[in-house]
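**Student:** With the hints as your guide, set chain B onto chain A.
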Amino acid sequence: MLRIDGLSAWYGEAQVLRDVSLEVAKGEIVTLVGRNGAGKTTLLRNVMGLHEGRSSGVVEFLGDDVSGHAAHRRAKRGLGYVPDDRGIYATLSVEENLTLPPAVGPDPWSLDKVYETFPRLRERRRSPGTKLSGGEQQMLALARVLRMGARLLLCDEPTEGLSPLIVQQIGSILRDVKSQGVTVLLIEQNVHFAQTVADRHYLLAEGRIVETLENSEVRARENELLEYLGI
Amino acid sequence: MLQQAFNGLVGGAFYALLALGLSVIFGMLGVVNFAHGAFYMLGAFTSYVLLDSYGVNFWAALVVVPVALGVVGIVLERLFIRRLTPLDPLYNFLFTFGLTLILQDLVKREYGVQSQPYPRPSALSGTLDLGLFTYPAYQVFVLGVSVLVCLLVWFVLVRTRVGMVVRAATERPELTRALGIDVGRWVTPVFGFGIALAGLAGVLAAPMRAVNPLMGADLIIVVFAVVVIGGLGSLFGSVAAGFTIGLVSALGNYYVPALSQTLVFILMAAVLLWRPAGLFGREEAL
Numbered sequence: 001m002l003r004i005d006g007l008s009a010w011y012g013e014a015q016v017l018r019d020v021s022l023e024v025a026k027g028e029i030v031t032l033v034g035r036n037g038a039g040k041t042t043l044l045r046n047v048m049g050l051h052e053g054r055s056s057g058v059v060e061f062l063g064d065d066v067s068g069h070a071a072h073r074r075a076k077r078g079l080g081y082v083p084d085d086r087g088i089y090a091t092l093s094v095e096e097n098l099t100l101p102p103a104v105g106p107d108p109w110s111l112d113k114v115y116e117t118f119p120r121l122r123e124r125r126r127s128p129g130t131k132l133s134g135g136e137q138q139m140l141a142l143a144r145v146l147r148m149g150a151r152l153l154l155c156d157e158p159t160e161g162l163s164p165l166i167v168q169q170i171g172s173i174l175r176d177v178k179s180q181g182v183t184v185l186l187i188e189q190n191v192h193f194a195q196t197v198a199d200r201h202y203l204l205a206e207g208r209i210v211e212t213l214e215n216s217e218v219r220a221r222e223n224e225l226l227e228y229l230g231i
Numbered sequence: 001m002l003q004q005a006f007n008g009l010v011g012g013a014f015y016a017l018l019a020l021g022l023s024v025i026f027g028m029l030g031v032v033n034f035a036h037g038a039f040y041m042l043g044a045f046t047s048y049v050l051l052d053s054y055g056v057n058f059w060a061a062l063v064v065v066p067v068a069l070g071v072v073g074i075v076l077e078r079l080f081i082r083r084l085t086p087l088d089p090l091y092n093f094l095f096t097f098g099l100t101l102i103l104q105d106l107v108k109r110e111y112g113v114q115s116q117p118y119p120r121p122s123a124l125s126g127t128l129d130l131g132l133f134t135y136p137a138y139q140v141f142v143l144g145v146s147v148l149v150c151l152l153v154w155f156v157l158v159r160t161r162v163g164m165v166v167r168a169a170t171e172r173p174e175l176t177r178a179l180g181i182d183v184g185r186w187v188t189p190v191f192g193f194g195i196a197l198a199g200l201a202g203v204l205a206a207p208m209r210a211v212n213p214l215m216g217a218d219l220i221i222v223v224f225a226v227v228v229i230g231g232l233g234s235l236f237g238s239v240a241a242g243f244t245i246g247l248v249s250a251l252g253n254y255y256v257p258a259l260s261q262t263l264v265f266i267l268m269a270a271v272l273l274w275r276p277a278g279l280f281g282r283e284e285a286l
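Protein chains in written order, with this note's numbering: chain A, 1 to 231; chain B, 1 to 286.
The shape of chain A in the complex, shown without the other chains (with noise of 0.2 Å):
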């Protein structure tokens, strides 16, 4: 689904990422764990094409190289950009905000499909977006590139935040949503959460991926990854 190769990415001279590697494949949630700085943000960016610096190496999705395609191409190819701050428009409508994107993708959900796994947001869908609560965004921020029918999600700490109930619950519709082969690349800082939802992880360190680990050895070291990323 997704595949990097030897990318390397620059705020200037600074390098931010170092020869990152790493493959997604598909239906797989994979999460992106490190220390604040170490990089992930600006490598979920630069698979988004968002990335402004200088950068190199390979990105490849659905067995394409997309590393010098803009942003709006990479989307429209089903890639679903779920941001840090959730990207919900103050200007546009809850529904607004689910519509703006153009339909991609082979499975794109209806807005009922929506509406029917996201209740609250049929109630608010005339109230302007930023006027829902934190964890009503966050839902509406995953279910904008749901109804995209966006095929790999990456997803920038939906669960920042956000109260242990909407955590559960963005976990579930995760699992739903992989269920249904969607893939998920998540940025993820709660470990605990982390290993409930995903498949692998590659945990980052100063813009490398320092390790690769199985949802066993995240458990098994919790406490030592907790002290590492220094929660």
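It cannot be assumed that every hint is accurate.
Only part of the chain B face toward chain A is listed, based on derived beta-carbon distances under 7 Å [to be verified]:
(1) 98
(2) 164
(3) 167
(4) 168
(5) 171
(6) 175
(7) 177
(8) 178
(9) 179
(10) 181
(11) 182
Just so you have them, the derived chain B footprint on chain A, three or more residues with Cβ under 8 Å [to be verified]:
(12) 62-73
(13) 85-91
Calculated from the structure, these hints are not laboratory results. It should be emphasised that the depicted structure is a prediction, and the values quoted were computed from it without experimental measurement. The beta-carbon is built from N, C-alpha and C at its ideal position, and this holds for glycine as well.
**Tutor:** Below, chain B alone, put in the same frame as chain A:
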């Protein structure tokens, strides 16, 4: 007093049209278009030349001139502005400012600095009885056109898919690209549209204001204040502020003539102290 207020609304009609164009362009391109006043001037001058040399009347100019200037805007965006946008904002600042000077001087060279006469269209040369006072029909027409155009733009923005894309791209251009929308494709027509609005304001101004090369430069300073008061990038804010500033300066002119020129800027300073993002602006838009 009522008549003064009406004068203010008519003045505000021009502010609103210009501020709306400026705001659309700033929101979508992130470019502060210093040449906006020059296009307003070109709108008035083109109408004058069309009538004087080619006998094209006001009603035809009202359609032809905005369309032609819109096309000029599209060409400018494609040739220059697009290339300068990725660089420091200073480049487009200098480009549009330089363009203003060039356009003004070209017109000055041909026609000098004195004002050119432009007759009112005969159908609107009389006065209208508005009940409480009579008022020149042409001024009523200007106000009507401006309100109509603003409502039309509002309708397109709020009710159509094009409007939704423009709102989204104005608020978060990068995110909008990441959601599969080719924002770059929309930038050119939006710039052309903003310039066309300035041209329309120019045509409307020709029969009631002095048509001279500096007419835009005098007006645009106030329009910048209007846009800042309304909130940079807020389209609703710029229209609302346009009419408000028109009212305030007309009434100010009447009651405190000594302050007539400065009142707008005092108001701007007060608004900025109270709400740094402007009346309808959002903090993050800065």
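**Student:** None of the hints should be skipped; say for each whether it holds.
**Tutor:** Structure-based check of all given hints:
The beta carbon of residue 98(B) comes no nearer than 27 Å to any beta carbon in chain A, farther than 7 Å, and the hint placing it at the interface is violated. Interface hint status for residue 164(B): upheld, as the beta-carbon distance to the closest one in chain A is roughly 5 Å, under 7 Å. Against a cut-off of 7 Å between C-beta atoms, the interface hint on residue 167(B) holds, since the closest Cβ of chain A lies about 5 Å away. For residue 168(B), the interface hint holds, the least distance from its beta-carbon to any beta-carbon of chain A being 5 Å, beneath 7 Å.
At about 5 Å, the closest approach between the beta carbon of residue 171(B) and any beta carbon in chain A falls short of 7 Å, and the interface hint on this residue holds. For the restraint placing residue 175(B) at the interface with chain A, the shortest Cβ-Cβ distance is roughly 5 Å, inside the 7 Å limit, so the hint holds. This hint holds: residue 177(B) has a C-beta 4 Å from the nearest C-beta of chain A, less than the 7 Å allowed. Look at residue 178(B): its Cβ gets to within about 4 Å of chain A, closer than 7 Å, so that hint holds up.
Annotation: residue 179(B) was flagged as interfacial toward chain A, and the flag holds, the nearest CB pair being 4 Å apart, inside 7 Å. Using the Cβ-Cβ criterion of 7 Å, the hint placing residue 181(B) at the interface with chain A is satisfied: the shortest such distance is roughly 6 Å. A least Cβ separation of about 5 Å between residue 182(B) and chain A falls short of the 7 Å threshold, and the interface hint therefore holds. Coverage of a stretch by a chain is defined here by at least three residues with a beta carbon nearer than 8 Å to that chain's beta carbons; for the region 62-73 of chain A and chain B the count is 3, and the condition holds.
Counting residues of the region 85-91 of chain A whose beta-carbon sits less than 8 Å from any beta-carbon of chain B gives 4, enough to reach three: the coverage restraint holds.
The structure is inconsistent with hint 1 alone, although it conforms to all the rest.
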